[in-house]
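Visitor: Start from chain A and add chains B and C according to the hints.
In order, the protein sequence lines correspond to chains A, B and C. Heads up: take any position in the first sequence, counting from 1, add 227, and you land on the working numbering. Heads up: take any position in the second sequence, counting from 1, add 3, and you land on the working numbering. Heads up: take any position in the third sequence, counting from 1, add 86, and you land on the working numbering.
It should be emphasised that the hints constitute simulated quantities derived from the structure, not laboratory data. Each hint can be trusted.
Calculated pairs, EDC-like style, for lysine to aspartate or glutamate (alpha carbon to alpha carbon, straight line, at most 16 Å):
(1) K126(B) / D114(B)
(2) K562(A) / E232(A)
(3) K361(A) / D323(A)
(4) K126(B) / E322(C)
(5) K349(A) / E366(A)
(6) K168(C) / D476(A)
Being a predicted model, the structure only gives us computed values, none of them experimental.
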Amino acid sequence: MSITETLAGLSRVAAIHGWEEATAAALGGWWGALVDEWRTDTLGNFIGLLRADSEGRGRGVPPRVLAAAHMDTVGLMVTRIESGGFLRVTTVGGTDRRLLLGQEVEVLGAGGQWLTGIVGAKPPHLTTGEERKKLPPVEDLFVDLGRPEPEVRALVPVGAPVLYRSEVVALRNGRVSGRYLDDTVGLAAIGVALEELRHRSRQADFYAVGTVGEEVGRLPGAATAAYGVHPDLAIALDVTFGSFSEASDPTSTFALGSGPAIGIGPNCHPALTDLLREEASRAGIPFSLEVLPAHSGTDAWAMQTARGGVPTATLSIPLRYMHTPVELVDLEDVKATGRLLAGLVARATREFAEGLVRW
Amino acid sequence: MNETLRRLTAVYGPSGRESAVAAAVSELIGPYVEAVRSDALGNLIAGPAAIAPEARPLMLSAHLDQGGLVVTEVGQDGRLRFSVIGGLSAVGLPSLRVASARGANGVVGVDEGVDAKDLAPSKMFIDLGVAGREATAGLADIGDVFCLTGELAEVGETLVGPALDNRAGCAVLIEVARRLAAEPHSDRQAVQFVFSVQGAVAPRGVRTAAYALEPGWALAVDVTAAGGSRNRSPVELGKGPAIRVKDASYVAPGPVRQRLEAAARKAEVVTQTEVLPPGEGQNEAAGAELARAGVLAGMVGLPARHLGTASEMVHRSDLDAAVRLLLAVIDPVA
Amino acid sequence: MNPVHLLEELSNACGLPGDEGEVRAILRRALTPHVDEIFTDSIGNLICRKGSGPVRLMLDAHMDEVGLVVAGYDAGGLLRFKESGGIDARVLPGRAVLVGRAKLPGVIGLEAVHLTDEDDRGRVVPAHRLRIDIGARSREEAEAVAPPGTPVYFATRFSPAGGRLVRGKAFDDRIGCVALAEALLDADYANLTLLAAFTVQEEIGLRGAQVAAYNLEPHLALAIDGTTAGDVPGIEPPQTCSHIGQGPAISLMDGTIITHERVRDHLVALAERHGIPHQFRRLTTAGTDAGAIFLQRAGVPACTFSVPCRYIHSPASLASLDDLEHTVRLIGLMARSLDEGEFRP
Chain A
228 MSITETLAGL SRVAAIHGWE EATAAALGGW WGALVDEWRT DTLGNFIGLL RADSEGRGRG
288 VPPRVLAAAH MDTVGLMVTR IESGGFLRVT TVGGTDRRLL LGQEVEVLGA GGQWLTGIVG
348 AKPPHLTTGE ERKKLPPVED LFVDLGRPEP EVRALVPVGA PVLYRSEVVA LRNGRVSGRY
408 LDDTVGLAAI GVALEELRHR SRQADFYAVG TVGEEVGRLP GAATAAYGVH PDLAIALDVT
468 FGSFSEASDP TSTFALGSGP AIGIGPNCHP ALTDLLREEA SRAGIPFSLE VLPAHSGTDA
528 WAMQTARGGV PTATLSIPLR YMHTPVELVD LEDVKATGRL LAGLVARATR EFAEGLVRW
Chain B
4 MNETLRRLTA VYGPSGRESA VAAAVSELIG PYVEAVRSDA LGNLIAGPAA IAPEARPLML
64 SAHLDQGGLV VTEVGQDGRL RFSVIGGLSA VGLPSLRVAS ARGANGVVGV DEGVDAKDLA
124 PSKMFIDLGV AGREATAGLA DIGDVFCLTG ELAEVGETLV GPALDNRAGC AVLIEVARRL
184 AAEPHSDRQA VQFVFSVQGA VAPRGVRTAA YALEPGWALA VDVTAAGGSR NRSPVELGKG
244 PAIRVKDASY VAPGPVRQRL EAAARKAEVV TQTEVLPPGE GQNEAAGAEL ARAGVLAGMV
304 GLPARHLGTA SEMVHRSDLD AAVRLLLAVI DPVA
Chain C
87 MNPVHLLEEL SNACGLPGDE GEVRAILRRA LTPHVDEIFT DSIGNLICRK GSGPVRLMLD
147 AHMDEVGLVV AGYDAGGLLR FKESGGIDAR VLPGRAVLVG RAKLPGVIGL EAVHLTDEDD
207 RGRVVPAHRL RIDIGARSRE EAEAVAPPGT PVYFATRFSP AGGRLVRGKA FDDRIGCVAL
267 AEALLDADYA NLTLLAAFTV QEEIGLRGAQ VAAYNLEPHL ALAIDGTTAG DVPGIEPPQT
327 CSHIGQGPAI SLMDGTIITH ERVRDHLVAL AERHGIPHQF RRLTTAGTDA GAIFLQRAGV
387 PACTFSVPCR YIHSPASLAS LDDLEHTVRL IGLMARSLDE GEFRP
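Bound-form chain A, shown alone:
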């Protein structure tokens, strides 16, 4: 299956925190074939394990390397059903409310079926000039399923998730666009790494993890997965801002096709950052550096303080139009990120892992 098809498949099943089971099942179908064993944990994190090769195991207890990408997405949730069958909603995670109006969405019905709807508001010819200059607040929007009220009440419970309805499309030059590439591209990069690592010598046990709950702030999935796996080092694979105009802030945006952004800052262990940079140079993988002075905005933030501390790093894929239905990436960046991750895992030795506590 091509990487575009893989992304399309993951994008189709992705959902907000609390509804990550379908993505975990999809990972079971893909990563499951590439790892030695896998499970989902208490909160629903997907945890796959590719063991060190026999030579690696012969050297004693292999170090544990964890790579995490998150399975959950931003979205909306139904708060109430108004007369007429219109659904009121609130946001989950950092949904961009600037583009909700007129958006096609999907609402999860009680029977597990996705119902298509349109986000509506007071129509433009009934709004005043002043009102049209402002964005309606989310509470003034509604989702119209185009169904009679009794049917809506029977089909849709309060608390139902609401997602963007959009397909992944292939654009020119190996670029693709669609919903929830944040963070299906991170999951795809881990898949690329797994495919490569199966054929490489490796001294580390590699844990491929899909986390729950990254978009809701407290990172419950990353914190508990890192506690459970207790890795010697951990990498978060997520997205970062892709630049798209001359006005894009050069301190926070990255060109598409420039490879993964390697984080530098307090959330990133300097020895891990150095190894990533060195491996990228050695393997001829393009990369840039992402300055992260505080919270990296990724699962690495929670993993770093799990148990008695985990050395962490971040690898981020440039992505334009974050948290919209038309997120856009360059597939070469996804592949390069996966290859760099594989290179890191292949070079993670027990000696290297043990050295990470010496400052």
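Guide: Structure of chains B and C alone, referenced to chain A:
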């Protein structure tokens, strides 16, 4: 439960100073459990004397503490300046009666010339009824915490009083313990009751308790604000306990929603579903779920009106329904 | 080890969150001869152990300070930056800075006031419009000297002020580091394992303390910080928070913890019994490492007391050596009380 609540709402227990209310809860739940202990932070833990290490008990929690006013300055004029702890409503404070651990009584006053729309704790003070700083000696000092006082009253179908956030949750847990003790079951899942500290501020005590107890499941019982706007779900008094699906820092995992919904169906308890907009609401499940490698944690809300005042209001039928819901979670009805 | 010299050395040293190497090296060198064990962990905390008694007392002070980080370049060679920790943007313009671990001199510039609108003159210049000028003439030159991620520090030098006051940068929390170092020197407690944690990344979310407390499993923890002193014109108590010269400021609560009642009360009782000036910290917001420590594992009784410092999180602060001395004494009294079994956590 009325008597339990009458007793619990009369006990002083602001966040960080929960020992008196912990002692009262200990006395009330003691007859129904094998062991009651408190931990390093002051959480009260009641349950079996010993649990097999791999048993992963069900943890039921309710926070002990109530909001309070902590004195930060004693003015020359004898007025006590304060900061608010926990979820007390600033606009509701003026003219309310308050009392401290050392038994000083006071009334919340507002500085002269403050417009009603500018009401803020920094423009209020506690009036001890004495003149000048010297006269406050022995009555109050910096660091003292005052709580709202008042008697529990029956109003219509509801109960009204101070500190129902969250003595109502504590009373529900004590009633669950009583009912479990009345109908012993040899193969019942072990239940640990946790009465937690600092929960009116943030999910704190519950987090360390969950670490220590290693529960398989955790359910928090707490009051939740009735009412609603378009971007939050409607929750009403008397319509049953509210299952929290989303708030500012929490989304209920699928297995939690399903277990609570199944228990409600079997016990024929009508429940409400609660979805809060970004930035609103906190609950102890969000603290419990982070313990160790993760705990499936949920919140059962007791709808309440006038939260953060001396007249918090809960519906008796909601408390009863919450007890039946929790019993059905513990012992699934055939 | 002279505490004033150590404070001078630590105040002049530089270390942002995640960049505490210079501070760590100074403390390691100063303390290695005086402790039983000294080690680091995965996040970079420096831990000193002294004694091996049954009661584990954790002392905490953080090594990091607030500052700036190079994050981009203009074509003409000016540096763009991001903030690291809670910086007061009002104090940045027209400031001398040190760039990188090599401490290259630089300045934070802005357009001449003559060229601004009337409206702009009363406004704080947002940090994203400021640039750091190291004299570079091109983007390439600037990037070669100060690659992305290069830390930028305030260039303030330590100096004595009037009486027992001293002036310098980063007293929050290098003064706490000195207090811990002093407390370790004389420590000799049969029943205690004294664990001094010099932590990283406090300013961006109490990060190092979480890791340290999890690993050290203390029975009791005292966090020593530098707290704001608002004893200046126009501010009345309780907004003053703390007052210079009135002794350690014991925390009642902040945004992360309500301090352990018995620990706090005992600290006050000890101070009163031994005639140590002390005060309560009047602000009930912000946070210190105690807020991270007390939630680790099954919970740790914890309290913060702080050395009052005027103008923290800015390029130059003022603190009193008397307050430092009284803070060290209070740590010692609490340790002694724990050692002798007078206080049990």
